[in-house]
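As you go down the protein sequences, you meet chains S and V in turn. Each residue of the first sequence is one higher than the one before, counting from 1 in our numbering. Each residue of the second sequence is one higher than the one before, counting from 1 in our numbering.
Be careful, since some hints might not be right.
Which stretches of chain V does chain S cover? Using the computed rule of at least three CB atoms under 8 Å from a CB of chain S, they are [what the hints assert, rightly or not]: (1) 62-70; (2) 266-275; (3) 356-369; (4) 405-419; (5) 460-466.
A short list of chain V residues far from chain S (calculated; beta carbon distances all over 12 Å) [unchecked claim]: (6) Glu23; (7) Thr58; (8) Ile96; (9) Phe135; (10) Ser299; (11) Asn439; (12) Ser483.
It should be emphasised that the hints constitute simulated quantities derived from the structure, not laboratory data. No experiment lies behind these values; they were computed from the predicted model shown. The C-beta atom is built at its ideal place from N, Cα and C for all residues, glycine as well.
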Amino acid sequence: MGLREYIIRRSIYMVLLIIAVVCFNFFLFRLPTFLFGANPISLMISDELRRNLTQDLLEQMYANFGLVPDPDIFDWIYMFWRYIVSMFTGNFGVSFLTQRPVITAIVERLPNTLLLMGSSSMVAILLGIWTGVKVAADPGSKKDVGAVTVALFIYALPVFWFGMMLLLAFGFMLPAWTESVWGVRIGFPQYGTISYDVWEIARTSPYGALMVAGDVLHHLFLPMITLGIGGYGGYFLYMRNNLIDVMTEDYILTARAKGLDENQVLYKHGLKNAMLPMVTIIAMTFGFLINGATLTETVFSWRGLGRFIFSSLLLMDFPVIQAIFMIIAITAVLANFVADLLYGVLDPRIKYG
Amino acid sequence: MSKSQAGWRDSNWYVGFSRFWHEYRKHRLGILGIGILGLFVGMAIFAPFIATEDPTPTTTIAPKFLAPIWLSVFDQSGVVTDDYLPDLYLENAPIIGTNGTSDEFSGIHVPTSDLSNQSYVNLTWSHTAGTPLDFRDHHTELQSEDPLPDYNDWVYFETNFTWPFNSNPNAVNMSISYSTTLSGDFAPGGFPNNNLMFRLYVWIIDPSGNWMQVFEDRESTYSELTREIPISMTYQKLSSIFGGMIEVNGTQEDPTDLVRVRVGLAPTFRFESYGGDIPWANYTGGVTFTVTKLKLFASGDYFGLMGTTNQGADAFAQLIYGSRISLIIGVLATGIATFVGVVVGLVAGYFGGKTDEVLMRIVDFLLVIPGLPLMMVLAVFLGASTENIIIVIAILGWTGTSRLIRSQVLAEKNKAYVESARAIGASDTYIMFKHILPNVTPILFANITLGVVGAILSEAGLSFLGLTDPEEPSWGRMLADASGGGAFIRGAWWVVLFPGLMITLLSLSFTFVGHTLDQVLNPRLRER
């Protein structure tokens, strides 16, 4: 079986997986209705409002959200059909709460999430590869044991708590301290993605774009460090173990026997081979980027998708979570696919079959 | 074990525990991990003995965000919030005495015994008509100034406490619980207003001997039911009681730091003459005050070993009890997940073909669903109880295990021992669980311990988001309370630092053990 056939097979499988996710989504978010008979519309409007609404208006409301009052089995089939059709035509519906199209709300928050997750992943990956290589050259040394211990510590660390500590130290205590010493508050912002006053000034200033960028970076720093450190341990351990594995291979021995110096062996022969599985991991990471980080975003009040999922969930705004779930799952499936192909392209030893 | 006795089992070197231990203990991290884990297990088991306060996050016992007491080392005027009368339920005999020469007064302390499940102090006055008492008649001029009762004859009990601080308490929450038994002419139905003839008093006597009357019971509230009566303390009262003990330039006004609290029963001036009657000459009867509890709770800026939370609950108790929920959820969720994962992995790997295909597609499916969001959704839908959280975490936890087991089974199932087992007619189930499973177990141990880490962190995250039982003390919830309750603004770093540190230490101990197990048991790593 060649590459072409493999791609076709994987594509079909991918489509099936997406269909499965779409169906699963439908049932997951109607679970409260199945379990307790809770009706999203009744959650949305009060009894008083319901009494005052005309029957036409009420039915209109149900229809707006693709719902049927008191559904029987045929209504469920009808609703499922409508759901499938709208999902595949890219119509994610309107939010129960704000009555705005869900996709607008998601697109508003997407850049924030991508910025936070992208930058922190870069920090984690670069730091992980760099220290991983440094340490793997001499496994079992003091440096190695120390670095592994640190990595294990990070693995066990609740990342959101680490963020809370950073926020407490640099967002609250440091400004209070500088204020008492020098009379000015120097530190990092306590919440949010951008300060309102900066935004107001920037609107009229010729250097507005720079000011906004600076302020966003200022807000970005602590959550980025938090997630960067939180992700670092995994990349480091993966890189280190891979490279140590590779360094026991015969071709490394050959390279050494040829008389290459150790640095060349490590970087030219070792690292290149050890990077292969790393590449798939990185590809997967980028697939899960839009997942956001609910906990860290909540700690820093970062206006991203992760926190949006959580806040919508608390408000029972199902169309929003349903759409985010869809998008995340589809991206993950695509990223898996790309990672698989990438591996094959980079490593010619891989045979598809 | 000697070579001659070694059977086929012993050729699996990990079966021998002592050999395993011999290998394991070479790893310092592993030993450290087991040590920390042991501490946490001990903490979970003996929680009621370590932490005496109520661990429920919603019980208020002190003002919110008080600092841990060990921080008061840096604070010269820091006051520790606590119950200052150590014998809250009067279990030990206090000083009981009578004032004056009358023999109508008596007091007795009754400790907890087989007959009564409560200890108490009885103050009794039984009067016989016509017996004169030592009336002071100070009432007209000095009514509000004089703290002493209207008669010189009375009965009291006294306890005391030391006030080691150089500062007044912010507030004092004092209360007394008592019931009243009346008899004779004092009993209801006797003379009109016959219960106005006596009072229960509480005095606080500062080290210089100045008396302060803090409580005088109001008439017509006598009841045989025990009631807890709060005693209010004004700022002026507090400063006149505690102010003398503040050290200025190394000296303080009061000679010592010993404060006495005296509870007394005395007749009032009405007993001399009331409504044209002369009660002392005509009344015969008795009154007994049964005091069951005397509380003096002074609040300052410090409380307990770990301070208080945003709801004013004891943080130390929650930290200790939090280990229970973390361990229970971590171990049970991982247990369920591992069981499911092992069964799925064995079945998929052993039978292969269509079964394998279907099971592995389910695993793929679960891997693309976003993990934490799905847990949140399920936790909200199923409701916030510990069992549901365990289920929610287990639902997503088994996929990795099943993949791992499956790959191991694929390598094992074509080996000769499986074939020979099949040749002698062993059933599939028997081969899977008795032959293949023991051979893939070692690699599972590290997986299990690392799974526990994931479960503990998931629980912490879910409870941080407030999706777990709000009555259950948990570290994640402590963090949520801290950040939601304004700990950052108040600079209350101790309610942020310690819960997270507990989570980290517990999951770190599992990580260390898991890492070491991996080093010891994973053949791929061992060969190096």
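A quick look at each hint next to the structure:
Requiring three or more residues with a Cβ within less than 8 Å of a Cβ of chain S, the coverage given for the region 62-70 of chain V is violated, as only 0 such residues are present. For the region 266-275 of chain V, the proposed coverage by chain S is not satisfied: 0 residues have a C-beta within less than 8 Å of a C-beta in that chain, short of the threshold of three. Judged by the Cβ-Cβ criterion of 8 Å, the region 356-369 of chain V is covered by chain S as claimed, because 6 of its residues qualify and three suffice. Counting residues of the region 405-419 of chain V whose CB lies closer than 8 Å to any CB of chain S gives 0, which falls below the minimum of 3, so the coverage claim is violated.
Three residues within the 8 Å Cβ limit are the bar, and the region 460-466 of chain V against chain S gives 4, so the coverage statement holds. For V:Glu23, the non-interface assignment is confirmed: its Cβ lies about 16 Å from the closest Cβ of chain S, beyond the 12 Å cut-off. Separation of V:Thr58 from chain S is adequate, the least Cβ-Cβ distance of about 20 Å exceeding the 12 Å criterion. Distance check on V:Ile96: its Cβ is at least 53 Å (rounded) from any Cβ of chain S, clearing the 12 Å threshold; non-interface status holds.
The Cβ of V:Phe135 lies farther than 12 Å from every Cβ of chain S, with a closest approach of about 62 Å, so its non-interface assignment holds. Distance check for V:Ser299 against chain S: the nearest CB is about 25 Å away, which clears 12 Å, and the non-interface claim stands. With a closest Cβ-Cβ approach of about 23 Å to chain S, V:Asn439 is found to remain outside the 12 Å limit, as its non-interface label requires. Not every beta carbon of chain S lies more than 12 Å from that of V:Ser483, the smallest distance being close to 6 Å; the non-interface claim is violated.
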